[in-house]
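Here's the letter readout for the chains.
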Amino acid sequence: MALKDFRPMMERCSNCAGCKFIPFDKIKSIRFAENCPSIGYYNFMTYSARGRFQLSQSLLDGRTKLDDTVTEAIHSCTSCGYCDVGCKVTRYNLETLEHNIEQKAYAVEQGKVLEGQKPVIENLKKEQSMLPGAKKANRTDWAKDLNLKDLFKEKAEVAFFAGCKYSYEPKLQKIAQAAVKLLQGAGVDLGYLGAADNCCAGRAHQMGFLNEFKDRAKANIKAFETAGVKTIVTPCSDCYHAFKRQYAKLGLNVKVLHVVEYVDQLIQEGKIKFTKTVPMTVTYHDPCHLGRLGEEYIPWEGKEKKIFNQIHTWEPRRPRYNGAYGIYDAPRNILKAIPGITLVEMERIREYSWCCGAGGGCSESNPEFSAWTAGERITEANATGADALVTACPWCKDNFVNAVDENGNKIEVLDIIELVQQAM
Amino acid sequence: MAFPKEIYKALEDIVGKRNISENIGVCETYRCIPSQSSAHYGPSEHWTPLPQAVVLPGSTEEVQNIIRLCNKYGIEFKASTTFWAAMGYIGGDFALQIDLRRMKSIEIDVKNMCAIVEPFAIAATVQAEAMKVGLNLNIPGVGCSSSALANASSWIAFGPNTIFMGSGSENILGMEWVLGGGEVLRTGSLGSGDGWFCGEGPGPSQRGLLRGLFGTAGTTGVCTKMAIRLHPWPGPADFPTYGTVPAYKADFGPNFKCYTLCYPSWEAWARSVQYFHESDIAYSGHRQFSMFGRNLKAAMLKIITDPDKQLCDIPELLEDPYIKEQNEKMKLDYQVIIAGFSERDLEYKEKAIDYILEQTGGWKSEMMLEKDMHDYALLYLTRLGHKNLNFVMCGAYEGTFGLSPNVWRTIQVVEDATAQKRKWEVEHTSIAATGGDSAMGSLSGIGGGGATGWEFFTNFDAYDKESVRGTCKFVDGNQEFHNKYSFGPDFCRWNSDVRHMNGYNYTQEEHDEMFSKTPQPWIFAYQYKIREAVNPKNLSGSYLRTVNPEKLK
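Protein chains in written order, with numbering that gives the first Met the number 0: chain U, 0 to 423; chain W, 0 to 552.
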């Protein structure tokens, strides 16, 4: 859909404020009641999903130009998708996240991008990674000595897809290696794409660089098909969302699992057993792209229809993505299964979880905004009294590691695989 | 047209560079559009005017300095919080929009049972903080997403809890206002330096002057802080919600019950309301889900309590014999919550309800006693949060046939209003065909005198221009109905004398012309004198209806 195709949504937005707060029934305090990082940081209405709808109308009507302020406002969105959940508590016919991304694409098409986005996209084109400075030649270094099958040379049941962060960053590489060993130890027949392993480009989609995303996605889909991949497992939530939702729209037809789903399943089957106690109180951060954006894509074709004169709907019933069926329980099941772990919850969890701030490329393009967003989450985590903040996404972990709460305090940040490893 | 540089620089010096913008893209997002016709200034096809700049003050002092500056340069200003309604938006060309979003503190005074709040503390957050210490506040029908302070200072504010707690004006204690001229006025006990606990002080009621019965919609200045009376809450410290988004529910425990009570006739209905009013047993009382329409309410309740259902499921649900039967039984209904402050208290209230039903021939809706339905309705009526129900069906609505008299008067006309709306639904396609009666509102508010505060929810599609225009025509026709029954301006026309259909405010000259011809023009002259005292340059829009007394001589 082009931006102009969102016009009906722009004009139908009710300004109900659902995009700015966690679902009102879930509010437990003034401190953690809000849930749009963008308006939370910048404060002007413009930065909310409601404001973005209105801004688009003004752009399309020619009253507003894509100047520096407007360009920055458009790109200062982590594409975390909370506005979509909040909106759909009430509404059945608005798609705020899709609109926000299309608004970014509208700016990108006209060359209106942020300085920090340029090296990210350039490196995607040149080195097939969205980490500036990362070299294609080094992408699979992390996988040496893991006995992973190269799927272009031999068959395996499951393809392990580490993603850029786990592939290149030394501290995170160890987690990817641990995940592979964990699965192999449980008897999973694991392979990888070898030389054809490239960035999923999911973040390019979140940033509005839709052509760059599609080019990369099509190439990857071809690689998966050539390698005969039937199941992909990834420890990265961004990759998970890209494959499960966005690639599926482009024709990818494979089973996609996040590593937490697989590990949860293996624990239930008795194939992973814990032998050590980890005496720790932890709180869990739901990554946006695993949680509310982790729902499976369902193909649909249909048309709009009004019933009872003015009630707008679709025929046949249109799939609804509102975060209801994201991946929330698997990571919690794992934590509860680890001896000694006590899980305490933050106020903003599951479908209304607060974003880590790294999404939408903001950790590169808007570092101050991104750091503030992460700091908000650290404040919330510290308010629980937990010893550590656990997550299941390398982008979240990386953003949290460098963040401090409102009092300048840090918290230990762990990938869930690290905890599993400690208990083995 | 941007402000001259010296003005912008002066504003920037007050709030800081980060908290001001004159960028057109930013300012464009501070305009009221037709889908927000809940504002009752239309519906129209126009947006409100573009402000020249937007500022985000962070303190009373900053608000005061902004208003002083506006007075110096003759700039119109309007402050708003959640921008729910058109009354929060500017109405002229040389105007400044004040967004109070940064001012959102809440302080709960347990001893004096009040919450001291800043403008952007929405009702949901005030309630969440109050419930931690066993207290609660009146959340008006507009819902918990709106500012608790704005509800109380600027609008009527009656809702489900009004039967127990009173309406907005009855819950205001000490207030802090930056008047339209830039002075800070502290009212009630606050003005005497004695804290926030009392709304009145020596001399004439400043609360009445600044707020009146219906609220002055920000025309007397900017209320920057307010103490709101809190009431006992015998429930959990936070909501034990369950269920899958968006169908959240909550079980508050055995001392809460939510019933949908139904009656065989409007006469029986009104008698039951009278019983409730006299017996003081209801914690909440609202005719709520009828807002979905007499024909659709049971089906809509099934949809909003099931995470997998959508609006396209309505026709199929309407074919379900059980839904049909339940819908028919809920035709003349309302919801009540009873809260037991002790086991015996709940027993008494249960018995009282049984007695009321016995006396009136009423019954409890079976469908609404289903666990899911009960827990949904209980949660909804307590927080007024889960789904802004006004927007679920079409995204836009207009409240029509505003019926706020005594229940006995309301029931005399409700079926006439129903017939008029139903006729329009059948003969035109501009509004949603929900079954005529879509009257929602409180049972016994506004001083507790057994008065209703109803509006018929009229849903339309703001994207469909024919729907917008057709709704306008429907609204015009309704005024004739109101004239017939001597009800004055219909709810949906309350702001027709405030803004032109193009979104601009009326001028004083236009108001003079308009109100000097009314039967009691001196009321508006009196309001002129109030406005003259607190907002001498008349810089806050035209929501306060005034006549220059000179025009009456």
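Bear in mind the hints are in silico, worked out from the structure with no lab data behind them.
Keep in mind that the hints are not guaranteed to be accurate.
[Unchecked claim] The following label-pair restraints were derived from C-beta to C-beta distances:
id : chain 1 : residue 1 : chain 2 : residue 2 : range
1  : W       : Y72       : U       : E405      : 31 to 39 Å
2  : W       : P3        : U       : K217      : 51 to 59 Å
3  : U       : L249      : W       : A1        : 44 to 52 Å
4  : U       : G269      : W       : E324      : 47 to 55 Å
5  : U       : K170      : W       : G194      : 51 to 59 Å
6  : W       : E5        : U       : E300      : 32 to 40 Å
7  : U       : K254      : W       : G360      : 37 to 45 Å
8  : W       : R17       : U       : V403      : 31 to 39 Å
9  : U       : K254      : W       : K16       : 21 to 29 Å
10 : W       : P3        : U       : I297      : 49 to 57 Å
11 : U       : D60       : W       : Y72       : 53 to 61 Å
12 : U       : K64       : W       : Y321      : 54 to 62 Å
13 : U       : G227      : W       : P320      : 32 to 40 Å
14 : W       : E5        : U       : G110      : 33 to 41 Å
Remember, predicted model here, so these are calculated numbers, not experimental data.
Virtual Cβ for every residue (Gly too), placed ideally from N, Cα, C.
Next on the checklist: Hint by hint, where does the structure go against what was stated? Just the numbers, ascending.
Outcome noted: Structure breaks hints 6, 7, 8, 9, 11 and 13.
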